[in-house]
Amino acid sequence: MKKEILLGSLLAFGTCAFAIDENNISKEIDALNIANKTEFKKNFTKLLKEFPDNVNLGNFTQLKNAGTILLTVTTADGTNIPAFVAQDGKMINGLGALFVADDETSLEIKDYIVEVTKNNKKENLEDEAANAKLEKVVGAIPEEYVLEFNHKDSKQYAIVLTDPECPFCRRHLAYELPELVKQMNVKVYFTPVHPDSSFVKSMLILSEGRGKSNDEKLKIMNKYYDENAKVSAEQEKIDISKLKVYRDVILTESGIRGVPHTSVYDKK
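Per the working numbering, the sequence shown starts with residue 1, numbered consecutively.
Note that these hints are calculated values from the structure, not bench results.
The structure displayed is predicted, hence computed values, not measured ones.
Note that CB positions come from ideal geometry on N, CA and C, so glycine has one too.
Keep in mind that a hint or two might mislead.
[Stated by the list, open to error] So the derived label-pair ranges between C-beta atoms look like this:
(1) D30 x P195: 44 to 52 Å
(2) K182 x V249: 28 to 36 Å
(3) D30 x V245: 49 to 57 Å
(4) P167 x S213: 21 to 29 Å
(5) D30 x P52: 50 to 58 Å
(6) R210 x K133: 24 to 32 Å
(7) K244 x N214: 41 to 49 Å
(8) G255 x D215: 28 to 36 Å
(9) S241 x S154: 28 to 36 Å
(10) K27 x E135: 48 to 56 Å
(11) F168 x N214: 21 to 29 Å
(12) E128 x S241: 31 to 39 Å
(13) R257 x A140: 14 to 22 Å
Please model the entire structure based on the sequences and the hints provided.
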């Protein structure tokens with residue numbers, strides 16, 4: 001939905017100054033189930049040559065429901081940029097810019113990363129302030145209004161704001177949230193920006209998810225996030241008044257205006 005939302009959800013990965021590690025990239029590609037792996041490597045090598053030396057590429061993940069591969073580009077200042085690569089390795093689509101690995105199309109990756117790095121310095125400062133405010137605000141929300149995913153020995157945790165009827169939140173649930181749950185503790189707060197049915201679905205998820213495993217909680221979320229999911233006349237009677245109050249408190253006092261939103265923190 002928004003650049004900062006995508007970046008926020010990827011801040012869990014390590015950041016430092018480095019050069020592209022082609023050997024490690026090759027190993028990550030080898031670990032993927034790509035039918036045309038040789039062709040992919042050949043094409044992707046052309047793209048690698050266009051990246052500055054002070055960035056790194058990693059966290060290659062093959063998306064189950066799309067013909068693309070997800071990776072992150074980490075810049076020298078620690079900014080993580082999500083990017084999608086076609087399965088033939090010829091195209092990278094990252095944050096609204098498209099790069100094609102052929103002789104006729106100018107590769108703009110170097111200028112793109114320099115520009116993103118520059119723009120994100122200001123955004124990162126603003127995000128840090130917003131993240132600190134959000135952490136304080138949600139700390140006052142009762143536990144029964146939080147869907148928590150536990151990860152043993154995790155040194156980080158994430159706060160996620162989401163809405164069952166938000167199309168972008170559905171995509172976040174399909175691709176990003178499961179990966180976060182694998183890496184760290186995650187606290188999900190439902191902050192619907194859609195009609196009352198989205199509040200009812202949120203309450204049903206909270207109720208049905210209580211005491212369940214991480215996998216079961218994800219299944220419950222997927223059930224109510226389905227675009228065809230409906231609430232019954234009986235379910236419409238569920239009291240959503242407190243959830244509306246907590247939604248308003250979170251969005252108003254944190255200053256966050258959109259969902260999905262993810263903030264990642266180091267455990268204290």
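### Query
Of the numbered hints stated previously, which ones are contradicted by the structure, given in increasing order?
5, 7, 10
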